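Please put together the full structure from these sequences, using the hints given.
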Amino acid sequence: MTTDLYSPLSIKGLTLKNRIVMPPMCMYSARNQDGYSTDWHVMHYASRAIGGTGLIIIEMTNIEPDGRISNNCLGLWEDGQIEGLAKIVAACHTAGAKVAIQIAHAGRKATDAITPVSASAIPFDGASKTPRALSTAEVSDMVNKYAAAVKRAVKAGVDAIELHGAHGYLIHQFQSALTNKRTDRYGADKALFGTEVIQAVKQVMPTEMPLLFRISATEFDANGYRLAESLQLATAYQQAGVDVFHVSAGGESPTGPSATIGSDAGYQLGLAAAYKQALTTPVIAVGKLSNPQLANAAILNNQADMVAVGRALLRDPYWALNAADTLNKTIELPKQYVRAFPAATK
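Mapping of the sequence shown onto this note's numbering: position 131 corresponds to residue 124, and the numbering continues sequentially without gaps.
Think of the hints as simulated: they come from the structure by calculation, not from any bench. In this text, all values refer to a predicted model and were calculated from it rather than measured experimentally. Watch out, some of these pointers could steer you wrong.
Derived CB-CB ranges, DEER-like [as the list claims (entries may be wrong)]:
id : residue 1 : residue 2 : range
1  : MET(-6)   : ILE115    : 47 to 57 Å
2  : GLN225    : ASN25     : 37 to 47 Å
3  : THR104    : THR323    : 42 to 52 Å
4  : SER0      : ASP72     : 33 to 43 Å
5  : LYS148    : MET18     : 19 to 29 Å
6  : GLY6      : PRO116    : 36 to 46 Å
7  : GLU76     : PRO199    : 13 to 23 Å
8  : SER121    : GLU325    : 42 to 52 Å
9  : GLU71     : PRO199    : 21 to 31 Å
10 : ALA221    : SER22     : 31 to 41 Å
11 : ASP72     : MET(-6)   : 43 to 53 Å
12 : ARG332    : SER40     : 12 to 22 Å
From the three backbone atoms N, C-alpha and C, an ideal C-beta is built for every residue, glycine too.
This is the structure we're talking about:
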């Protein structure tokens, strides 16, 4: 039987009805800048669940107040934040989607922190604050904060956890020679911090719950790591317990990606395919995959196991339903919408 964009997928205890992923996209809409979600978030995510998305990954949710990109970002550093996230999860479940959450720390990219922290005291660019390098003991404390946030996410009822190790945020800052100039063990082994975070969060997750890891497969910088080096990192992370890699790129260098990279549809598919070939974990592909035929071909051609559709899902919450119509796929529709999709009715 042919495996395509609308084939189900099982990963450990998680079964998805299709391979369409809503990637984490910051909404900068936390309540009163306190890290709490609101009813707006419930509507935002639930509408994509009604629209047929198989896996919804809640936006970057941070392990401490100074770990946020901005003070308008979500957090999971205290128990009171669990209830709001649980409402999001429940609403998405009711509409037939599975839910993951991205747990993260912005590190030197925490723009509203008075003094951000990082692997080393290197600012992102000339307009950014100079971060304070974490002490060795503080790095261990940070590992524990990741685990505590994940434990809260599990209580909120999520189906999977994603760690953010891409786009120049804290884990990425430790794994990159551009930002990690340390002389302790976390400098000697660039994968150590990420590995310790993975091992710590696995201890507080149910055995059958998958752990996703978003990684920049290349930094698009002459002095940064390339695909081969990132696969070495990923191998260590897989051995530590990662179940799925969400393969993106760039983010650590201010001279790198967005200004010069990414003008072509599917520009990162080759990176996802390389990960799929080199590793034994499922892979999520990203990067201008909003064309239904292209997204479907990524699965048909075995370049990825899942496809993340970002901005297109912001424009159209029902992208998954409309893509099925475009591809002449017969799918299970919300009964309330059947009359709008007569050709795709199951």
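Hints, one by one, checked against the model:
no.	hint	result
1	MET(-6) - ILE115: 47 to 57 Å	holds, 51 Å
2	GLN225 - ASN25: 37 to 47 Å	holds, 43 Å
3	THR104 - THR323: 42 to 52 Å	holds, 47 Å
4	SER0 - ASP72: 33 to 43 Å	holds, 38 Å
5	LYS148 - MET18: 19 to 29 Å	holds, 24 Å
6	GLY6 - PRO116: 36 to 46 Å	holds, 42 Å
7	GLU76 - PRO199: 13 to 23 Å	holds, 20 Å
8	SER121 - GLU325: 42 to 52 Å	holds, 47 Å
9	GLU71 - PRO199: 21 to 31 Å	holds, 22 Å
10	ALA221 - SER22: 31 to 41 Å	holds, 39 Å
11	ASP72 - MET(-6): 43 to 53 Å	holds, 45 Å
12	ARG332 - SER40: 12 to 22 Å	holds, 19 Å
Comparing the model with each numbered hint stated earlier shows that all of them hold.
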